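Undergrad: For the record, the sequence lines run as chains Z and C. Note that my numbering has the first sequence beginning at 16, numbered continuously upward. Note that my numbering has the second sequence beginning at 2, numbered continuously upward.
Since the hints were derived computationally from the structure, they do not count as laboratory data. All of these numbers come straight from a predicted model, not from anything done at the bench. Not one of these hints is a red herring.
Here are the simulated distance ranges between beta carbons: (1) Thr17/C to Arg198/Z: 21 to 29 Å; (2) Pro226/Z to Lys8/C: 34 to 42 Å; (3) Phe143/Z to Asn164/C: 56 to 64 Å; (4) Leu139/Z to Thr17/C: 48 to 56 Å; (5) Pro226/Z to Gly350/C: 58 to 66 Å; (6) Leu45/Z to Thr17/C: 53 to 61 Å; (7) Asn146/Z to Leu103/C: 52 to 60 Å; (8) Asp26/C to Leu124/Z: 45 to 53 Å; (9) Ser39/C to Phe143/Z: 57 to 65 Å; (10) Asn123/C to Gln218/Z: 28 to 36 Å; (11) Lys8/C to Gly203/Z: 27 to 35 Å; (12) Gln218/Z to Lys66/C: 20 to 28 Å; (13) Leu51/Z to Phe14/C: 55 to 63 Å.
Some chain Z residues judged to face chain C by a derived CB distance under 10 Å, without partners named: (14) Glu204; (15) Gln205; (16) Glu207; (17) Ser210.
Where a beta carbon is used, it is the ideal one built from N, C-alpha and C, also for glycine.
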Amino acid sequence: MSAVAIQAGDTPAARKSGGMTSWEKWGLILVIPYLLIFVVFVIYPVGYGLWLARHPESYTKLFADPIFFRTLVNTLIFVVVAVNVKMVVALFLSGFFLHTRWWIKALSLVFILPWAVPSIPTILSMRFMLNPEWGVINSAIFKLTGMDGPNWLNDPTLALSFSMLAHIWKSLPFWTLILLAGRMAIPGEQYEAASVDGASNWQKFCFITWPSMRSLFLTSTILSMIWTLGDFNSVYLLTGGGPADLTHVLATLGIRYLRLDQVDLSLASIVVALPLILPLVYFMMKRLSK
Amino acid sequence: MASVSFKNIEKSFGATKIIHGISFDISDGEFVVLVGPSGCGKSTLLRMLAGLEPISGGVITIDDKVINDLDSKDRDIAMVFQSYALYPHMTVRDNMAFSLKLRKADAELTNTRVANAARILNLDPLLDRFPRELSGGQRQRVAMGRAIVRDPKVFLFDEPLSNLDAKLRVAMRAEIKALHQRLKTTTVYVTHDQIEAMTMADRIVVMHDGIVEQIGTPLELFDHPGNLFVAQFIGSPSMNVLKGTLRQADGREWVEALGQQWPSLTHAQARDGQSVHYGVRPTDITVSASGNGIPAKVIVVEPTGAETELLLEVGGAQLVVVMHGRTAVQPDDVVHLEITAEKSHVFDGTTEKRLD
Numbered sequence: 016m017s018a019v020a021i022q023a024g025d026t027p028a029a030r031k032s033g034g035m036t037s038w039e040k041w042g043l044i045l046v047i048p049y050l051l052i053f054v055v056f057v058i059y060p061v062g063y064g065l066w067l068a069r070h071p072e073s074y075t076k077l078f079a080d081p082i083f084f085r086t087l088v089n090t091l092i093f094v095v096v097a098v099n100v101k102m103v104v105a106l107f108l109s110g111f112f113l114h115t116r117w118w119i120k121a122l123s124l125v126f127i128l129p130w131a132v133p134s135i136p137t138i139l140s141m142r143f144m145l146n147p148e149w150g151v152i153n154s155a156i157f158k159l160t161g162m163d164g165p166n167w168l169n170d171p172t173l174a175l176s177f178s179m180l181a182h183i184w185k186s187l188p189f190w191t192l193i194l195l196a197g198r199m200a201i202p203g204e205q206y207e208a209a210s211v212d213g214a215s216n217w218q219k220f221c222f223i224t225w226p227s228m229r230s231l232f233l234t235s236t237i238l239s240m241i242w243t244l245g246d247f248n249s250v251y252l253l254t255g256g257g258p259a260d261l262t263h264v265l266a267t268l269g270i271r272y273l274r275l276d277q278v279d280l281s282l283a284s285i286v287v288a289l290p291l292i293l294p295l296v297y298f299m300m301k302r303l304s305k
Numbered sequence: 002m003a004s005v006s007f008k009n010i011e012k013s014f015g016a017t018k019i020i021h022g023i024s025f026d027i028s029d030g031e032f033v034v035l036v037g038p039s040g041c042g043k044s045t046l047l048r049m050l051a052g053l054e055p056i057s058g059g060v061i062t063i064d065d066k067v068i069n070d071l072d073s074k075d076r077d078i079a080m081v082f083q084s085y086a087l088y089p090h091m092t093v094r095d096n097m098a099f100s101l102k103l104r105k106a107d108a109e110l111t112n113t114r115v116a117n118a119a120r121i122l123n124l125d126p127l128l129d130r131f132p133r134e135l136s137g138g139q140r141q142r143v144a145m146g147r148a149i150v151r152d153p154k155v156f157l158f159d160e161p162l163s164n165l166d167a168k169l170r171v172a173m174r175a176e177i178k179a180l181h182q183r184l185k186t187t188t189v190y191v192t193h194d195q196i197e198a199m200t201m202a203d204r205i206v207v208m209h210d211g212i213v214e215q216i217g218t219p220l221e222l223f224d225h226p227g228n229l230f231v232a233q234f235i236g237s238p239s240m241n242v243l244k245g246t247l248r249q250a251d252g253r254e255w256v257e258a259l260g261q262q263w264p265s266l267t268h269a270q271a272r273d274g275q276s277v278h279y280g281v282r283p284t285d286i287t288v289s290a291s292g293n294g295i296p297a298k299v300i301v302v303e304p305t306g307a308e309t310e311l312l313l314e315v316g317g318a319q320l321v322v323v324m325h326g327r328t329a330v331q332p333d334d335v336v337h338l339e340i341t342a343e344k345s346h347v348f349d350g351t352t353e354k355r356l357d
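Just chain Z, with the same shape it has in the complex (with noise of 0.2 Å):
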């Protein structure tokens, strides 16, 4: 027999006469660090924002601007096509990093360089490398065929896919690391067990990898676009939004306008961005209750 010792103060009767139980005054307590944080750092500078964004007019004069709408149809492509190629991408490494020879696990730990090191050295570097006059590449380009390489970086749509490349390159780790952990999860006897019904390595990827990792994957990509829309290395670092401001996406767009004192439109270019990235949070958290 054990006993349960009840408090007086648990009571509803002493509830409703005393107010709060010392268990709810505790409660409360052990809250309000964390309510404060959450409204000076949170709830202010977002309202604050909002605010400062409040005038109609600051939108009519960001959709005038024919940058917001490049920018806008950027940054989709941004989103649909680098994320989509990054999570493609991460799956098959990731099945490939699961093989336990020796020469891949060494070549796993270079392959995390990318994601382990910081982010503005590296995307300068890449800047560097693709400089049409001293850049290795176009250097290489020139001693071996005695021509000049392009002018890399001034092709907007050349431009907009080395910011690409470079988020892929930053990211991809990261991801394919996530995926192996979910692949590594699989049971080991459900492919044995394939092997002996007789299934191939695409059939096994089919019927046994897929569906385990199908809810893991579609989270990740919707983290990474929601992550994806906030990169604003991959794109500043490299190009700058140029040339001539035509690879902005809505992450970097915000501090060209406050280059150019704009800072209404800088809020507003954020505030549009809101509603492609609220539903993607909405969704994701979503699957994430289940």
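We have chain Z; now place chain C onto it with these hints.
TA: Below, chain C alone, put in the same frame as chain Z:
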């Protein structure tokens, strides 16, 4: 149905050799159980037969055809795994039909085979459920159904009952045995549980440290264990073993151990003064309250209803005796043990091999 043959099978993981040249044959339609403690190599041997593990040395044949380099799918085997390894995203029906689907079998044939297997295993009401909606025993039956649908030459079972509770294990044991009696498919079954081996096998292969200790029918192994390891591994509770010295006089033979004389048959290979292990099964000792037997002190009495297990002390060593029925014996009582020489087992003290 098929015969299986292992010839000098070896397996190494890097520099570590874990199977040291195993050879034995399995006849067409036979139910052979590989049994042994963890790490003895029994599962590895099964996995080499299944094609899930490369063979380091030797030859495995199915129906006299060497299968060493064949893919699993080309060996015409079906395997039931310890964790069942059902495909979680497929219904029971799809799990069972999967191998035929991969072989692009005729839909009508697939449906007939699945329906037959479901009927044999009482899976009809579960065909549209997913594995997560099934109990452990039901999953086990689906795994067996998946194997049956293939109609393979050889069934392989890798500790299939280890994840089930004790009661279900006994029930499934009977089901697997009944299934074999019905289908008569050659079966290789791996377990560490000697009771499973005893109750199911036509023949048992006892393995230890990568070698075969003994092969025989369950009762051969029980009645004539070839060495001390088999003697102690087969049988529950395990055989009582005492270290002693063999004595011969007047055409008689006995073993001196714990300051007592333990009766034994005469052995042609034995010599007086030889160091031996003397073994007697707990069920082969008769206990009486008075008499001329070896005196023993009762330490614990464990009644299980039909039987009573006694833990006894003789000369500082402990012995287990299983009595049929019930007893009035109490702890601290002194009882007398009677053993007939025919029921004793004597093993060489050094080689631990049985003396005949």
